[in-house]
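Peer 1: Listed below, chain by chain, are the residues.
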Amino acid sequence: MAEISSDNGRKFTIPIGPQHPALKEPGHFEFVVDGEVIQEASVKLGYAHRGIEKIVEDRNYTQAMYILERVCGICSHVHASALAMGAEQLAGVEAPPRARAIRTLVYELERIHSHLLWLGVAAHEAGFEALFMYSWRDRETIMDILEEISGSRVHYSVNAIGGVRIDISAESAQNILKAVDFLEERSKHYLNVVSSDRVFLQRSRGIGVMSPEEGNRWGVVGPVARASGIKRDVRVDAPYAAYDIFPVTMITASEGDLEARFTVRVRELLESTRLVREVVKNLPEGELTTKVKRKIPPAETVVRIEAPRGELMYYMKSNGTDQPERIHGRTPTIPNMASVLHLTIGHQLADAPMILAGIDPCFSCNDRAVVLKSQSHSDLWSWDQLRQYGIDRYHGRT
Amino acid sequence: MTLEERSSPILKAFEKAVAWARMNSVWAVHYNSGSCNGCDIELLTTITPRYDVERIGIKLAGSPRHADVLVCTGPVTGQGKDALLRTYEQMPAPKFVVAIGTCALSGGVFEGSYNTYDGIDGLVPVDVYIPGCPPRPEAIINGFAQLLEKVENYA
Chain F
1 MAEISSDNGR KFTIPIGPQH PALKEPGHFE FVVDGEVIQE ASVKLGYAHR
51 GIEKIVEDRN YTQAMYILER VCGICSHVHA SALAMGAEQL AGVEAPPRAR
101 AIRTLVYELE RIHSHLLWLG VAAHEAGFEA LFMYSWRDRE TIMDILEEIS
151 GSRVHYSVNA IGGVRIDISA ESAQNILKAV DFLEERSKHY LNVVSSDRVF
201 LQRSRGIGVM SPEEGNRWGV VGPVARASGI KRDVRVDAPY AAYDIFPVTM
251 ITASEGDLEA RFTVRVRELL ESTRLVREVV KNLPEGELTT KVKRKIPPAE
301 TVVRIEAPRG ELMYYMKSNG TDQPERIHGR TPTIPNMASV LHLTIGHQLA
351 DAPMILAGID PCFSCNDRAV VLKSQSHSDL WSWDQLRQYG IDRYHGRT
Chain E
1 MTLEERSSPI LKAFEKAVAW ARMNSVWAVH YNSGSCNGCD IELLTTITPR
51 YDVERIGIKL AGSPRHADVL VCTGPVTGQG KDALLRTYEQ MPAPKFVVAI
101 GTCALSGGVF EGSYNTYDGI DGLVPVDVYI PGCPPRPEAI INGFAQLLEK
151 VENYA
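Protein sequences appear in the order of chains F and E.
If you count the first sequence from 1, position 189 lands on 189 in the working numbering, and the numbers rise without skipping.
If you count the second sequence from 1, position 55 lands on 55 in the working numbering, and the numbers rise without skipping.
Hints are computed from structural coordinates only; laboratory data are not their basis.
Treat the numbers as computed from the prediction; the structure is a model and nothing was measured.
Note that beta-carbon positions come from the ideal geometry of N, C-alpha and C, so glycine has one too.
One should not assume that every hint holds.
Said to hold, decoys possible - Just so you have them, the derived chain F footprint on chain E, three or more residues with Cβ under 8 Å:
id, region
1, 7-21
2, 41-54
3, 76-84
4, 104-117
5, 130-141
6, 144-153
Said to hold, decoys possible - Capping the alpha-carbon separation at 20 Å, the derived lysine to aspartate or glutamate pairs in EDC-like fashion look like this:
id, chain 1, residue 1, chain 2, residue 2
7, F, Lys54, E, Glu111
8, F, Lys44, F, Glu30
9, F, Lys54, E, Asp118
10, F, Lys24, E, Glu152
11, F, Lys24, E, Asp52
Said to hold, decoys possible - Computed spacing ranges between beta-carbons, pair by pair:
id, chain 1, residue 1, chain 2, residue 2, range
12, F, Lys178, E, Ala139, 21 to 29 Å
13, F, Asp181, E, Asn142, 42 to 50 Å
14, E, Glu149, F, Ser254, 54 to 62 Å
15, F, Leu288, E, Glu111, 48 to 56 Å
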């Protein structure tokens, strides 16, 4: 497992991953430790790079939506709706109010499911198995709701270009209200647990403290930024979908440690249940989709969405056909990952998984690039070399 | 070992006992070879209270050296391939492989991408395929039940 580094006999380099028990996703970390204290940290990403940005260039907008939905299995709705909203902006149409409200409803249901999932995984890193099991049991309530309204537990496929595919029936609305009542009770209980359990607080209070200045320097987003007192939430700063009709209260904390990240996320659960209730009770009447032409005129746009993990940005360019010219995504884990490498330094090795889980990493979202290396080439490739590489690779496949 | 020794009744009874023990406590190691997390969280769901495959002895192990079964998700990316093979080679024999999700079976929506191998069965031998994008926890339990049959009949 460990190897002695050449320069100092007391320092060890501990490699972790890509197959490791702590997380269910592939990522490679190397920690240089002096005794138990971490001196240096580095990360190697790219294990989940599937070339999605290239794949969507060969698909039409509707097909691309189903591919982008499979960027991430936890926050699938934000990716698919980003494409739908981007295509609507490029085509110059707007989704009807009911469709935007249903999108908002699913955003918040997804946030509840994602935060409960994270709470369980983070508790698992702390060795708090009971909380892991309880929060995943309660998460099944929201999975049932998502399955009832969309027909699928993970990839909901709620969106269509120009609106949504599903409607909320009166019966579903009742079930949603019943479920969020239950989850609100449970979330209050979890808030009590994460802020008062003494053993748990020893693992979270004062660990991985990030000041607002540091957070701004590293560009952190989402609940990690809000736990450090940085007021940054796309739902409030630039409302999209129906967040202008159903405003969100931004949840922040000032401590910036792991405990604050726990309480911010659990309080966001409470805020989401309030929002779900409000949307379900005041769902606007009307159409579900507007007609969008299949071919979209040349234009560029940027879509910003607050995913459960933070700000998600998509750049989209159309070229007058029914296929996008370029789609580029920037997901929240990339900026937050920088903070992990800084925050782990000076902590015990046993705290590293907790600090990593504290940002709620999603490797399948963030693996946007892969590094190509070969014996005959240097790290810098000329355009001709890259083109020749592509041709050779294409011929090699067939 | 000679042929007579192999067919001795004591050894046969011993092997039967080993097969029974193995069937009742199958430890699995999970490797994500570039999946979208959908199959991984559904796999985790099956070990949490509502579905709970630990009742039938299936448990996630931390290290491949302690595992009988490799549970693999994802279409196998270029960078993830070596780690998949290493994980598989580190497992002690007899080893079984379960492929979860359409990506692990055929590449799914990522089929034909420049950085995926379109399924894991071209790289490691697969015993049980569980299709679905992602498969429901019930489907995963059904796949595990088929796996247990295979483990029981393993000679």
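Peer 1: Between leucine 288 (chain F) and glutamate 111 (chain E), does the beta-carbon spacing fit 48 to 56 Å?
Peer 2: violated (31 Å)
Peer 1: Next pair to validate is lysine 44 (chain F) with glutamate 30 (chain F); report whether the Cα-Cα distance is within 20 Å.
Peer 2: holds (8 Å)
Peer 1: Establish whether the coverage given for the region 7-21 of chain E by chain F is satisfied; the threshold is a Cβ-Cβ distance below 8 Å, and no fewer than three residues must meet it.
Peer 2: Coverage by chain F is violated here, the residue count being 0 at a Cβ distance below 8 Å.
Peer 1: Aspartate 181 (chain F) and asparagine 142 (chain E), beta-carbon distance inside 42 to 50 Å?
Peer 2: The hinted range 42 to 50 Å is violated for aspartate 181 (chain F) and asparagine 142 (chain E), with Cβ atoms some 33 Å apart.
Peer 1: For the region 104-117 of chain E, do three or more residues have a beta carbon lying closer than 8 Å to a beta carbon of chain F?
Peer 2: Satisfied; 8 residues make the cut.
Peer 1: Please check whether the region 130-141 of chain E has three or more residues whose CB lies within less than 8 Å of a CB on chain F.
Peer 2: holds (count 3)
Peer 1: Test coverage of the region 41-54 of chain E by chain F using CB-CB distances below 8 Å; three residues minimum.
Peer 2: holds (count 8)
Peer 1: Closer than 8 Å Cβ to Cβ for three or more residues is the test here. Does the region 144-153 of chain E pass it with chain F?
Peer 2: With 0 residues close enough to chain F, the hint is violated.
Peer 1: Between lysine 54 (chain F) and glutamate 111 (chain E), is the straight-line Cα distance small enough, at 20 Å or below?
Peer 2: holds (12 Å)
Peer 1: Between the alpha carbons of lysine 54 (chain F) and aspartate 118 (chain E), is the straight-line distance 20 Å or under?
Peer 2: With Cα atoms ~16 Å apart, lysine 54 (chain F) and aspartate 118 (chain E) stay inside 20 Å; holds.
Peer 1: Holds or violated: the 21 to 29 Å window for the beta-carbon distance between lysine 178 (chain F) and alanine 139 (chain E)?
Peer 2: The hinted range 21 to 29 Å holds for lysine 178 (chain F) and alanine 139 (chain E), with Cβ atoms some 27 Å apart.
Peer 1: Given the hinted pair lysine 24 (chain F) and aspartate 52 (chain E), is their alpha-carbon gap at most 20 Å?
Peer 2: It holds: about 18 Å lies between the C-alpha atoms, which stays within 20 Å.
In summary, the structure is inconsistent with hints 1, 6, 10, 13 and 15 from the numbered list given earlier, while agreeing with the others.
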